[in-house]
Amino acid sequence: MVNSTSNALGVILPNAGDNLVPELVEKRTMASIPFASRYRMIDFVLSSMVNGGITNVTVIVKKNYHSLMDHLGNGREWDLTRKLGGLNIVPPYAQSTVKMYNGRVEALASILEFLKNQKEKYVVLSEASTAFNYNFKELIAAHVASGADVTMLYERREIPEGCKNDNHTIKLQDGRVVELLTNDYRPGVQNLSMDVYIVERETLITMVQDATSRGLVYFERDILSRNLQLLNVQGLEYKGYTAHITSMKSYFDENMRLLDEANLDQLFPVGKPIYTKVRDDAPTRYAMDAKVKNCMVADGCVIEGEIENCVLFRGVRIRKGAKVKNCVLMQDTVVEPGATLEYVVTDKRVKVTADKNLCGTDTFPVYVAKGQTV
Amino acid sequence: MAKEIVAMILAGGRGSRLYALTQKTAKPAVSFGGKYRIVDFPLSNCVNSGIDTVGIATQYQPQKLNEYIGNGQPWDLDRLYGGVHVLPPYQKATGSDWYKGTANAIYQNINFIDRYEPNYVVILSGDHIYKMDYGKMLDFHKEKGADCTIAVMEVPWEEASRFGIMTADENGTITKFEEKPKEPKSNLASMGIYIFTWEKLRKFLTEDEADPNSENDFGKNIIPNMLNAGEKMVAYAFEGYWKDVGTIDSLWDANMDLLNPNVALDVWDDSWKIYSRTSGLPGHKIGSKAVIDNSMITEGCRVDGTVIQSVLFDNTRVAEGATVEASILMPGSVVEPGACVRYSIIAENVVVKRGAMVGVRPEDMDDITKWGVAVVGEGITVGAGAKIGPKAMVVKDVKEGEEQW
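Protein chains in written order, with my numbering: chain W, 2 to 375; chain X, 67 to 471.
The hints are simulated quantities; they were obtained by calculation from the structure and are not laboratory data.
One or more hints might be untrue.
[Claimed, not checked] Label-pair distances were calculated between CB atoms; the ranges are: (1) W:Asn358 - X:Asp335: 29 to 35 Å; (2) X:Leu146 - W:Asn118: 27 to 33 Å; (3) X:Leu146 - W:Glu114: 45 to 51 Å; (4) X:Val461 - W:Pro92: 55 to 61 Å; (5) W:Lys138 - X:Ser337: 41 to 47 Å.
Since we're looking at a predicted model, the values are computed, not measured.
Where is the CB? At the ideal position from N, CA and C, for every residue including glycine.
Produce the complete structure using the sequences and hints provided.
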């Protein structure tokens, strides 16, 4: 077979990080949080996998996954409607004898039979709480070259405020991980794990079987950190652009950060498209007298009022005389005439009625939940 | 399993009146309205009307159209049985021939239509912009017990001589049909949308093919022949927006109509969506110094300059200090700093270099009769400081500082 596909399959855990943004995941998963004007968080890792030749991807969902199922459908938009491989969504069994998984090991245990039947040599594991545009072929190549048991991606950065209680950092010696800390709280730049791993499929199966028989749950804490002498775990530094969603504040900030075109170009470089569900909206229409400054706007919007420093998702309506500044407005938000919004995050289908005034601050944006009318 | 109705889109014309825009592209694949191509309108109308079997008869520069249509998935026309098919002329045991006329294009595809054993066939044109429920027209056709139903609309009397003009009695039965009459007796113009009872059309197509003097054209041959033979032909009155975009001026007008709130063409209406194959780019970015007024902008655009009453397609760039006014920028085109584009159609991947001027406002003309929309063809580079006059058709790169009128 020609070498257009990678010899790896993907596994994505879409609920990982749900606890960090309880407001946003009330009716969805971390992976289905809308981001960057027209995407959902999972689009980034999923498109990166597809662009890197990984065309057999399993998404192990846990709860609140209707929005994710609706978004992914049969995977066609990511070119994952395949006879061989393709997109495979695994919901938990609704059986009293099967308990809901907690750690990554339990999640993997639930697809053990599936993993055994696959043909790919490697498994790439990822979450969906980070938006990044990565060529996974680099990870696979580095892993194969080093002959490691496990290779993990990490970034050199400070630990985000939101995930002080949910992170892994590593210490490296000549590329090999010699220490893996859970819930590190040290200040300053650390080697922060991106929770992206590559393991040989057979090795992973053995690891999961062993851990399961001993009642172990967590991949990092229970398997990796305890066996760093035994296992050759390599760290691979990721130097590209990342957007971590670790809190409501960071959600707001990471959207805003894309208003800088240098950042936008890094997350969306030419030739590495991020795919998403198509909505067939018309182009955005700017009416006469509309005022717009420094904004990212998706299709299907109608702008009659004023917008400044905003990220607008698909189908947003800004009526005449409305003023919206420093806001993130998700799909189909309507801001009626004369309303004023500043530092506000609205979820899908929010309606702000005429002449209302909503105002948060840069450190504490106001959030309006899905479908609410103000 | 038979289909009740099959749609056939006539897309074989060269579109020579769109010259610079159809050098490498069939007319139905010409970009329209920010993210569409012309053929999206009849295709979306079909799907929204419940028609799931569509043939597109094509013979001029078909590659782009082929690639664009693909398996028909963006229009929900990837079907197990039916779906959309691009139909170029092909070699048969009896010989091979290009499509000689609109009727011949259907005649050569009789086998395609027969496969679905339809009761009716709707014939559509690949160069019209409108939203229409063909299902309602079919109901009308059945109700009247017609052999042929022709969609008509009232046009201004002074324009009537440009169209096929019908005269109909109070029941809508067509009594007279004249193709582009010098002295029109009616202002009911044919919109080039026909529903035929297939059995009847099949018979007339076969007879027409046997006539060596025929031009094999619906308007010139099939319709008059059916009328002369006493077949029941009725006019179906359509109200709403409809425009033939076969010329530069009408294509420009139709794009501008999207920006006019008083015109009945509404692509934002979710109840009758127009589908298209999308670019998949992130939302567009408007810079801090940009000025936007009455315009349409879509995914992947970057605007830092001034955009007034214009339609920007995906992935276009308007740099700081550049002005785009009353113009259409097709996908991937770039307007560099200080350049001005006015009353123009800029095709795919054109680069308008620094300080270049393309097109002129009508009010800035000494002689208004010489004014017209300027067109820059696909992939052209307009050099720095170059000047392109009104009504220009640019098909070759323009050197720095050069003037072209």
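> Measuring from beta carbon to beta carbon, are Leu146 (chain X) and Asn118 (chain W) in 27 to 33 Å?
Replying inline: 29 Å, holds
>> Holds or violated: the 41 to 47 Å window for the beta-carbon distance between Lys138 (chain W) and Ser337 (chain X)?
In response: 44 Å, holds
>> 55 to 61 Å was suggested as the range; check whether the CB atoms of Val461 (chain X) and Pro92 (chain W) agree with it.
In response: 57 Å, holds
> Given a hinted range of 45 to 51 Å, is it respected by the beta-carbon distance of Leu146 (chain X) and Glu114 (chain W)?
Replying inline: 32 Å, violated
>> Is 29 to 35 Å respected by the C-beta to C-beta distance linking Asn358 (chain W) and Asp335 (chain X)?
In response: 31 Å, holds
Of the numbered hints listed earlier, the single one contradicted by the structure is hint 3.
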